[in-house]
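Go by the hints and put chain B onto chain A.
As given, the protein sequences belong to chains A and B, one line each in that order.
The first sequence begins at 1 in my numbering and counts up one residue at a time.
The second sequence begins at 1 in my numbering and counts up one residue at a time.
Some hints here could point you the wrong way.
Not close to chain B: a few residues of chain A, all C-beta gaps over 10 Å, as computed [as the list claims (entries may be wrong)]: (1) 8; (2) 55; (3) 61; (4) 83.
Away from chain B, derived, C-beta distances all over 12 Å, residues of chain A [stated by the list, open to error]: (5) 5; (6) 11; (7) 14; (8) 22; (9) 41; (10) 46; (11) 47; (12) 66; (13) 78; (14) 113; (15) 210; (16) 212; (17) 227; (18) 228; (19) 237.
Capping the alpha-carbon separation at 20 Å, the derived lysine to aspartate or glutamate pairs in EDC-like fashion look like this [unchecked claim]: (20) B:75 to A:54; (21) A:241 to B:186; (22) B:171 to A:148; (23) A:51 to B:221; (24) B:139 to A:54; (25) A:245 to B:138; (26) A:49 to B:162; (27) A:49 to B:54; (28) A:66 to A:54; (29) B:29 to B:221; (30) B:145 to A:148.
To be clear, the hints were calculated from the coordinates, so they are not data collected in a lab.
Here a beta-carbon is modelled for each residue, glycine too, at the ideal position from N, C-alpha and C.
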Amino acid sequence: MNFNKIGEILAENQEFIWAGIASTLILSIFGTVVGLFLGILLAYGKLIKVKELDNGFVKVLKNILKGFCIVYSTVFRGTPMMVQALIFKYGFQAIGVNFENFFFGSMVSNVLNGWLICGLIVITLNTAAYMGEVVISGLNGVDLGQVEGARSLGLSSRQTSMSVILPQALRNALPTIGNEFIVNIKDSSVLNVIATTELYYRLKDIAATNYAFLESYLILAVIYLIMTLLAALAFKLVEKKLDGKKISLNPFGRLLRRNEV
Amino acid sequence: MSVVLKIEKLAKYFGTTKILKDISLDVNKGDVIAILGPSGSGKSTFLRCLNLLETPTRGKLSFDDKAYFNIDYCKDDFVDYQAYNKALEDYENLRVEAEDELAIYQNKKIEGDNSKELAQKIKEAKKRYKKVLSNPVEKIDFFDKEKYNEMSKNSANFVIGDKELNNLRAKITMVFQSFNIFNNIDVLTNCVMPQEKVLKRPHQEARNRAFTELKRVNMDDRMNYRPSALSGGQKQRVAIARALCIDPEVILFDEPTSALDPEMVNEVLNVMKKLAQEGRTMIVVTHEMDFARNVANRVVFIDNGYIVEENNSADFFAHPREKRTQEYLRFRQGEE
Chain A
1 MNFNKIGEIL
11 AENQEFIWAG
21 IASTLILSIF
31 GTVVGLFLGI
41 LLAYGKLIKV
51 KELDNGFVKV
61 LKNILKGFCI
71 VYSTVFRGTP
81 MMVQALIFKY
91 GFQAIGVNFE
101 NFFFGSMVSN
111 VLNGWLICGL
121 IVITLNTAAY
131 MGEVVISGLN
141 GVDLGQVEGA
151 RSLGLSSRQT
161 SMSVILPQAL
171 RNALPTIGNE
181 FIVNIKDSSV
191 LNVIATTELY
201 YRLKDIAATN
211 YAFLESYLIL
221 AVIYLIMTLL
231 AALAFKLVEK
241 KLDGKKISLN
251 PFGRLLRRNE
261 V
Chain B
1 MSVVLKIEKL
11 AKYFGTTKIL
21 KDISLDVNKG
31 DVIAILGPSG
41 SGKSTFLRCL
51 NLLETPTRGK
61 LSFDDKAYFN
71 IDYCKDDFVD
81 YQAYNKALED
91 YENLRVEAED
101 ELAIYQNKKI
111 EGDNSKELAQ
121 KIKEAKKRYK
131 KVLSNPVEKI
141 DFFDKEKYNE
151 MSKNSANFVI
161 GDKELNNLRA
171 KITMVFQSFN
181 IFNNIDVLTN
191 CVMPQEKVLK
201 RPHQEARNRA
211 FTELKRVNMD
221 DRMNYRPSAL
231 SGGQKQRVAI
241 ARALCIDPEV
251 ILFDEPTSAL
261 DPEMVNEVLN
271 VMKKLAQEGR
281 TMIVVTHEMD
291 FARNVANRVV
301 FIDNGYIVEE
311 NNSADFFAHP
321 REKRTQEYLR
331 FRQGEE
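Only chain B is shown next, with the shape it has when bound in the complex:
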């Protein structure tokens, strides 16, 4: 089996919060990977990093053996955060001190002291306050540029250009929890428009393709409806059809059923099951244990920014290796 998507040492920080720390994963052609994990473990962020909706902090991502993102070192790693935070604190103290001083003099003036001395003092205090304000703490002052330049000189530092990125996103497309189908146009146009804009398909061909895909998800009877007239499950099926229209090689599902009630969950899961049987490559972030057990062929358990356990789905549920996984599974099974 050939590797479609290769993820190496992926990390993502939001400021000082490290959401993803070190994630490596090979996605083979035809894989259906279920990603499990508690809320806040970084599952969605991981998925969003794959099509660069979220720019990873560092790591290497390649599609069909071609890297589209490769950064070994991130600037953030070379910021002395301890010193930076301390400087921020000091600055704040200085600022408050100067402000207080100024306020004391100004209060005296309000109370009726009109002496020249006081006016002079106010002037000086204002000057001091302005001086403090004019020297704010900048992150860049704590950035070790030399070390960064030295380290990054021989290392990879590559992000795909905007144009190629758009083409790549058509290959690695995404289905969202909140559907995100375009509200201003009807169902059919939702499926036709991206084909025309991204793949430059002629209108008639795009229409025919949209008919086929909408039929596949059983939405061909609602083609002229606006999204506002559809139920959640229907919206999600349209979103899937829309994604299928642009011939993706990998489809990322970001909790596609979390916003739906149980009945609608089934209609969406049935569509996804069908896609899995057709041999499409799918990465699914989900809380549906049944889907992970029966449809997915691999399961990845993410917690705390790392991959805790990765296995084929039968073994994952039958014999979880890690303690954390066992805990999670026991909890979820108790729930069901």
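One chain only, chain A, in its complex shape:
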């Protein structure tokens, strides 16, 4: 292995690497945020209660919705994202949508190409299925007394879930959501099979053109590591902020305080 080579590759392919980082970030951030939103809907869909008192139409509707949510999360959690990506790619082609024809001008086409759009769809739908479970477990973690407390003050059921239950459920689920984000940063690499030009795809290209495989993949690993570390740190800060604690960026803060005691 040649260390000079690493510097060379980095210097020569800066533009490509930045473009790769950008699309990986777009994929993982968009996938996690929108996936979380869909996941909340999915969780509420799965938790629908069909009551005996409902009339026939409402009963059927509720059953269909609930059934859809269950089937959706089973299918998307039960198949690899790589396979889902391929099915989406060829499925869209079969109905006449070709992502190759999507252009966003030459300036940004490096990052924002048609395959990124396809990748975004896949990663979002896939994340939503997992987020559904994450949100359900978060909701289960909220004390039932909170609902009673809110309802007994006169809050409607919607107000209760929007301002009391959901915030607490999401706070409970935040570590898992952060985990999901980190998984998304890494797992977006499988989208290279549909030619989404994310980080792995770029470095694979660079490795082949420069004939420097070990060097390129080491660079790749370090970049992923930095991204995931930063993501984990960001989520820690958000958690602290939500708990109403003071945010300090000093990594030795805790150490020092312990020594004072």
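Coordinates of chain B only, in the frame set by chain A:
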């Protein structure tokens, strides 16, 4: 004195368990009613029925002479439970029988019998099993619909709508044993948010009101704390302040001090004493005999789903009429 809350013939069943059987009570304006009774006697359920956190099975509840719940007959009364339970048993027997039969044939197959006859028998047994499963016992089959319709035609059958119910709950609010203050926001927001959402008060007014009420319960020095940083007694005082903020006419206390240690009990009871002296209408489920004796003006003793005895507090403790009450009081006094 005007009657604020009128409770007539209230009953609550959980399935076949009858928690409350027949309870009638008039709550006057300014009353402080202590509800005593052994655990499991239905005290809490009674309280939860009053603001419909628990839907009563039947009875009539009115607030300021306006009924918000009025059901004379409940469907459950018209279910033939004896026949229903028997049918359930029969069904279970049939199911087990069919299952066993199927299992016997299948075991034979596993043992190596591959004859066509056996395959046929398995097929038939499966069919029989499915047939049994497809006819489950449904409660509705034992429900005497005609009689119910006939009886309920001329009788009241009214439950308040969701929107009005929310407004009513602001009038008859509740303080819980487990505090139930919102963990995701600080003390001040706990008091402000319900005012904004339920009463549509402007933010500044709601804040001022929250300051006043938090001061009343001596929690004004902890306004920016999260509930997780408070002790039990402090949490309960915040819960009381939160309830006071929405101008309730009646406050229901569901064992407000049971989860606290003796020192904290006092700080909460002092707040409640203060409220009683201000002339607020309160219904308090409690095990604190001192509170019932000294602060409450009426005492209601509930046991086994009925009101056993109801009297003003002085007479209740000095001369209990019923034998069950005497027994209970003797036991509790021995404890103290």
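Hint check results:
no. : hint           : in the structure
1   : 8              : 52 Å, holds
2   : 55             : 15 Å, holds
3   : 61             : 19 Å, holds
4   : 83             : 36 Å, holds
5   : 5              : 52 Å, holds
6   : 11             : 49 Å, holds
7   : 14             : 44 Å, holds
8   : 22             : 34 Å, holds
9   : 41             : 21 Å, holds
10  : 46             : 23 Å, holds
11  : 47             : 19 Å, holds
12  : 66             : 21 Å, holds
13  : 78             : 28 Å, holds
14  : 113            : 41 Å, holds
15  : 210            : 52 Å, holds
16  : 212            : 51 Å, holds
17  : 227            : 30 Å, holds
18  : 228            : 28 Å, holds
19  : 237            : 17 Å, holds
20  : B:75 to A:54   : 16 Å, holds
21  : A:241 to B:186 : 13 Å, holds
22  : B:171 to A:148 : 15 Å, holds
23  : A:51 to B:221  : 46 Å, violated
24  : B:139 to A:54  : 17 Å, holds
25  : A:245 to B:138 : 55 Å, violated
26  : A:49 to B:162  : 18 Å, holds
27  : A:49 to B:54   : 18 Å, holds
28  : A:66 to A:54   : 15 Å, holds
29  : B:29 to B:221  : 33 Å, violated
30  : B:145 to A:148 : 34 Å, violated
Going through the hint list in order, the structure does not satisfy hints 23, 25, 29, 30.
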